[in-house]
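Q: Spelled out from the first residue to the last, the chains are:
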Amino acid sequence: MTKGTVTAIANNYAISGIAAIAILLPLVTGIFDVSIGGNISLSSVICASLLIHLHWPIAIVLLCTLGVGATIGLVNSFVVVVLRIPSLIGTLAVAGIADSLSIAFSGNQSISSPALIGAFGNAFSQLQLGGFSISVLYLLVLVIIVDVVLRQTATGRYSYAVGFDPEVSRLAGVRVRGLQVWTLVLSGVLGAFAGVILTAHVASASPNSGDTYLLPAFAAVFVGATQFKAKRFNALGTLIAVYMLGTGQYGLVIAGAPTWTPNLFQGVALIAAIGLTHLGSSRQADNESFFRLKKITKFRLSISSGKKSDQISTVSEVHNRDGSSIAHD
Amino acid sequence: MGRVSLMISNSDILLSTSNLSKTFPSQAALDNVNLKIARGEIQALLGQNGSGKSTLIKVLAGIHTPDSGSEVNFDGAPLAFGSPRESHRRGLRFVHQALGVINELSAIENISLGFGYRKRRNGLIDWSAQREKTRNLLQKLHLDFDIDIPAGRLRPVDRSAIAISRALDEDEGISKLLILDEPTAALPPAEVEVLFSLIRKARESGTTILYVSHRLDEVLEIADRASVLRDGCFEGTEELRNMKPRDIIQMVMGASDGTANRRMLGDDVSETVTHVNPRHLDQNQKEPSMVFTGLVSSTIKNIDFKLGKGEILGIAGLTGSGREEFASALVGAVESTLTVEFADGTTLVNPTPRTARVKGIVLVLPNRAVGASAKELTVKENIVLPIQGKYSQKFHVSKHKELKDVRKWIDLIDIRPRDPERAYALLSGGNQQKVIFAKWLNTEPRLMVLDDPTSGVDIGARQVIYELVRKNGNSGTSFIVCSSDTDDLVALCDRILILRDGVVSAELQGKMITDVAITSAMLTVNSGSESDRMLRTL
Chain C
0 MTKGTVTAIA NNYAISGIAA IAILLPLVTG IFDVSIGGNI SLSSVICASL
50 LIHLHWPIAI VLLCTLGVGA TIGLVNSFVV VVLRIPSLIG TLAVAGIADS
100 LSIAFSGNQS ISSPALIGAF GNAFSQLQLG GFSISVLYLL VLVIIVDVVL
150 RQTATGRYSY AVGFDPEVSR LAGVRVRGLQ VWTLVLSGVL GAFAGVILTA
200 HVASASPNSG DTYLLPAFAA VFVGATQFKA KRFNALGTLI AVYMLGTGQY
250 GLVIAGAPTW TPNLFQGVAL IAAIGLTHLG SSRQADNESF FRLKKITKFR
300 LSISSGKKSD QISTVSEVHN RDGSSIAHD
Chain F
0 MGRVSLMISN SDILLSTSNL SKTFPSQAAL DNVNLKIARG EIQALLGQNG
50 SGKSTLIKVL AGIHTPDSGS EVNFDGAPLA FGSPRESHRR GLRFVHQALG
100 VINELSAIEN ISLGFGYRKR RNGLIDWSAQ REKTRNLLQK LHLDFDIDIP
150 AGRLRPVDRS AIAISRALDE DEGISKLLIL DEPTAALPPA EVEVLFSLIR
200 KARESGTTIL YVSHRLDEVL EIADRASVLR DGCFEGTEEL RNMKPRDIIQ
250 MVMGASDGTA NRRMLGDDVS ETVTHVNPRH LDQNQKEPSM VFTGLVSSTI
300 KNIDFKLGKG EILGIAGLTG SGREEFASAL VGAVESTLTV EFADGTTLVN
350 PTPRTARVKG IVLVLPNRAV GASAKELTVK ENIVLPIQGK YSQKFHVSKH
400 KELKDVRKWI DLIDIRPRDP ERAYALLSGG NQQKVIFAKW LNTEPRLMVL
450 DDPTSGVDIG ARQVIYELVR KNGNSGTSFI VCSSDTDDLV ALCDRILILR
500 DGVVSAELQG KMITDVAITS AMLTVNSGSE SDRMLRTL
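Protein chains in written order, with numbering that gives the first Met the number 0: chain C, 0 to 328; chain F, 0 to 537.
It is possible that some hints are incorrect.
What the hints assert, rightly or not - Only pairs whose alpha carbons sit at most 30 Å apart, straight line, appear in this in silico DSSO-like list of lysine-lysine: (1) F:Lys398 x C:Lys228; (2) F:Lys358 x C:Lys228; (3) C:Lys228 x F:Lys407; (4) F:Lys400 x F:Lys470; (5) F:Lys389 x C:Lys228; (6) F:Lys403 x F:Lys470; (7) C:Lys228 x F:Lys400; (8) F:Lys308 x F:Lys374; (9) C:Lys228 x F:Lys403; (10) F:Lys393 x C:Lys228; (11) F:Lys374 x F:Lys403; (12) C:Lys228 x F:Lys21; (13) F:Lys407 x F:Lys389.
Stated by the list, open to error - Here are the in silico distance ranges between beta carbons for each label pair: (14) C:Leu87 x F:Asp418: 29 to 37 Å; (15) F:Asn349 x C:Thr260: 58 to 66 Å; (16) F:Lys407 x C:Gly3: 51 to 59 Å; (17) F:Ser297 x C:Leu139: 48 to 56 Å.
What the hints assert, rightly or not - Partial list, derived from the structure: chain F residues whose beta carbon lies under 8 Å from chain C: (18) Ala332; (19) Arg353; (20) Lys358; (21) Gly359; (22) Leu362; (23) Ala371; (24) Ser372; (25) Ala373; (26) Leu376; (27) Gly388; (28) Val396; (29) Glu466.
Source of the hints: derived by calculation from the structure; they are not laboratory data.
We put the beta carbon where it would ideally sit given N, CA and C, even for glycine.
Pulled out of the complex, with its shape left as it was, chain C reads as follows (with noise of 0.2 Å):
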């Protein structure tokens, strides 16, 4: 592999890496926000009609568009921890309001100006550090924030506690619907900040832009977990991911493969990947690490649709909720 080809899947995968490691944060704390897709859309389209059709300068429009990302993030609390409706349902309709407003935004058309590259000076994308673009700086460096506030500090422990098991989280005072609208904000402003990097590296923001994002985050972040022994969602392995799997999809374009195949690598890999993982644990009676990726992959629909107080309003009740599956133990 030439240095060339290094740098160009380093600067070509750091978007998806920054978007990965926006969903990692609700990940954790067990809420899929599906509307990454729909915000880097909409982010990179005001982004580019505040910067061309308004001249704001670059700061203000910066601040604008992660202040759209926040509002997502708002708006996906309020649909998964205020109403409560389950997160791959809720922040998907969101996914669908974002992408129309992208479209209503542009007018359904590719905003791009040669204006557009001068516009971001030097901050984004065009300013190079021995090849590789800054925005694989921007995902370094947020890789080990992201890393260091998971592994490293107690709000990292409580949003793994509340991803595990929120009931149990509430009951030891763990502020679990706060934690929660936390990482649905931090989503969004680093899905908008994708947004802004992606409008930066290729000069142009068209609506739906984002939504090729969104399985490549997705797999990059359950590949993740399954990098280490733990299993759990981790920013490190995160990132490794989103390489593996760009590197893999890099030398299927290069080999020239028909212009279908990333998708279909990325899906396959994430089956793959996960997959092997269970068949690998699930031979053994001791398949500890396991539990965890198992019961965040299920589809958790007690999360936002529990009534608490019904939950634990019995003793009997209780047991019988605990039993409410068929068991095979």
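Please arrange chain F on chain C, whose structure you already have, making use of the hints.
A: Same frame as chain C, but now just chain F:
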């Protein structure tokens, strides 16, 4: 109750195992078990948690394959191992502790989970035939309830009945042996008798029963004979008529353990009950350290009470009395209103689990309950969870401090295996309960509110829990013990409030606290609905 007299000849043996062993990579779970079950009997299988009961059941169910050399003869022919379908076809039926009844589905749908629906020729479900079949199955057990409403709205014992009926379904072969694993674990005490009558009906219809439990009083009531497993070894089968409970406990516990457990002894020792509680705390001389006023929740109407420092207060009551919700309501885990005044002059109004914990009031749930502990986290992570913040410095969680505290608890209350990084889900029930205690003791609480602290734990763990409560009570931590198990209350409490219809209907203190007194206080003061319900179930 008409026990079957058993003169067992070879042809009467329904199931016999010979040299049945099962070795897991780390330990031998079953070691040369030679169990025999006679046709038509109700046999109990006794043993502590980890004694090999579950492994034995799983071997019979075809989930585990035993070591080579093991043999199981069932109904005159060897049983092929490792195939659940084969075990079922031969007539071995299982009702697991978790029942496998889906609350959102009706009885009809739940029963069809076993072996499918009756279908018409066109492939669509023949609902009337399915309904008929469900009725017939329930009729065998002399049961009649609405089979169209979601199972979650039925009595717990009716859900057990659905699971048993499904096991007795004979669409795919006659059910010859019904194996019930801890069938009373999820039942309120008042419904246990109903379950027993179901079991007897099932036997009358021709099915042999293996009743797996660690509750000797139940076993004495329902079973003809009892087999005992200890550390994977078969300790023998005894006619219960000829056995003293003490001797059976000896078999279950192994080496002569003077601290025979009351739960296992059943009524046999009710005279000694008053001496069980070794504490002589005279609460009248103590200033209350906490005053609770205006406790209201969905089932609790309005309760005021005081609590002394180091006092152990019991909460008793029948199902529906408010007892089930009391513990959760006290810390605001369910919707409730309440004012707590502390001796230092501070007050806590309408607590949430968080504010309650900050003021030193914690809720200790039984390990089976939703919210008790996170199965996917490690032992360490569970223990430090409520006060994770205490261990964190700037961008750094002190693993050293965490481990030090967690190791302390592992040693102090003997959590096994002694591995802080062990996944919680892999612990036995008793050890899980110990972890839950450690989690809350680690917050240095002023008051621990225990909700059914011994439900589903074995004899050994029960004693450990009792000792923990007494020891911490003596060193100044107050306790509120809400329990459906009068043994817990008798063994632990200085004072007991009896609840009825959401209010306190009686109070027992000191020497007045006996099994009989609690039970009669719960029953006799109830002139109304509760006693009616009680009678109806009997």
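Q: Find the hints from earlier in the document that the structure breaks and name them by number, from lowest to highest.
A: 2, 8, 20, 21, 29
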